[in-house]
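**Q** Protein sequence lines, in the order shown, are assigned to chains H and A. Numbers 1 to 114, taken from the numbering used here, label the letters of the first sequence in order. Numbers 1 to 112, taken from the numbering used here, label the letters of the second sequence in order.
Just to be clear, a hint being listed does not mean it is correct.
[Claimed, not checked] Derived lysine to aspartate or glutamate pairs resembling EDC-like cross-links, with alpha carbons at most 16 Å apart:
{"hint": "1", "chain 1": "H", "residue 1": "K67", "chain 2": "H", "residue 2": "E3"}
{"hint": "2", "chain 1": "H", "residue 1": "K42", "chain 2": "A", "residue 2": "D38"}
{"hint": "3", "chain 1": "A", "residue 1": "K70", "chain 2": "A", "residue 2": "D53"}
{"hint": "4", "chain 1": "A", "residue 1": "K94", "chain 2": "H", "residue 2": "E45"}
{"hint": "5", "chain 1": "A", "residue 1": "K94", "chain 2": "A", "residue 2": "E72"}
{"hint": "6", "chain 1": "A", "residue 1": "K57", "chain 2": "H", "residue 2": "D94"}
These are computed hints drawn from the structure, not numbers from a lab.
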Amino acid sequence: QKEVEQNSGPLSVPEGAIASLNCTYSDRGSQSFFWYRQYSGKSPELIMSIYSNGDKEDGRFTAQLNKASQYVSLLIRDSQPSDSATYLCAVNPDRGSTLGRLYFGRGTQLTVWP
Amino acid sequence: DAGITQSPRYKITETGRQVTLMCHQTWSHSYMFWYRQDLGHGLRLIYYSAAADITDKGEVPDGYVVSRSKTENFPLTLESATRSQTSVYFCASKGTVNSPLHFGNGTRLTVT
Numbered sequence: 001q002k003e004v005e006q007n008s009g010p011l012s013v014p015e016g017a018i019a020s021l022n023c024t025y026s027d028r029g030s031q032s033f034f035w036y037r038q039y040s041g042k043s044p045e046l047i048m049s050i051y052s053n054g055d056k057e058d059g060r061f062t063a064q065l066n067k068a069s070q071y072v073s074l075l076i077r078d079s080q081p082s083d084s085a086t087y088l089c090a091v092n093p094d095r096g097s098t099l100g101r102l103y104f105g106r107g108t109q110l111t112v113w114p
Numbered sequence: 001d002a003g004i005t006q007s008p009r010y011k012i013t014e015t016g017r018q019v020t021l022m023c024h025q026t027w028s029h030s031y032m033f034w035y036r037q038d039l040g041h042g043l044r045l046i047y048y049s050a051a052a053d054i055t056d057k058g059e060v061p062d063g064y065v066v067s068r069s070k071t072e073n074f075p076l077t078l079e080s081a082t083r084s085q086t087s088v089y090f091c092a093s094k095g096t097v098n099s100p101l102h103f104g105n106g107t108r109l110t111v112t
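One chain only, chain A, in its complex shape (with noise of 0.2 Å):
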């Protein structure tokens, strides 16, 4: 089915342990987003790509890796998950620059 599909859906992992968060999308898509949200913060931005092998950091990065070897898969790292990390991770894309964004259904993290 054409979309963005975020896994796993729900995830819990103990603090130190490293976790990667997946996400794929089939409308070939440019531009790629990962934010979480947390009550009284809202949406936040962790990492983002403009095309493959490019990516930047957004207002939260610290303790996320990323990569983007091909333009449909964004997978987000924590190397080393800490309680503060447990959030809903939620993925997003669109085709450019001002394009709305289009989300996946969330992954769910719980670090204990």
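Bound-form chain H, shown alone (with noise of 0.2 Å):
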């Protein structure tokens, strides 16, 4: 079983502030990560995916992976209303094959109030 544990949540925080969500994989050889947006009714959407120890930033939006620690983050800096979602940690596990298998966790909920 391919592992994603995400904390649980739910996350409230004021408008303006950071806000971090962390998820811890269960499989070393897990080589992709990514973390998606689900409004509430709808589809998940692509945030950020990381492949590589360290730091990703994309506009108020930092990944931070650590392959040692089995642990990826999600840095949302100045946080709006808009943010309001849940955000869901997806692993790639299967390092080396052609499976392409993603799992994800259950994802954080996420509230940005005014």
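Bring the two chains, given one by one in their own frames, into a single complex with the hints.
**A** Given below as structure tokens:
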């Protein structure tokens, strides 16, 4: 079983604050990592992908990957009410294979209040 | 329009009936996936396909059947629907093994 665990939440932050979302995974061979945002009643949409250790920044979003600790996080700076959604961590555990499977955590619900 | 489309968007069926959920993508992506999403469980992988005529089981395949005779289509069939299969079903596709997934709009299935 390829386990992906997220901090359960819900997480509530004031507008303008930094929201920190965390994810751990069980398979040390995992090779690609993604963060998705899902609004209620909608399909998941990609926010960030990260493949190498370190930080990756895109606008207000920063993904951090630490393969040694099997940990990936998402920071949202200057949080806005429009960021209120469920954030899903996804992991491809199949290093060196062509299976391409992607496993998801259960998600963390984020609320940004004005 | 290019993209990935699922049909129907909503479906109500009775226990024991067979139902097929359709998924069509126009990107010629090699990989296609079916997930179900239930409260408290997140997205769980049902079946996936790495190419036409290649399919394999995911985390929760029991009670489901898939086929992939053409690259662009990946239908999911519930052979004899049960109430536990009431869920939102998402189809997704990607072009390469490490690409992110692109999701369809989902099908909300209710089994009565």
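**Q** Which constraints among the numbered hints does this structure fail? Numbers only, ascending.
**A** No hint contradicted; all consistent.
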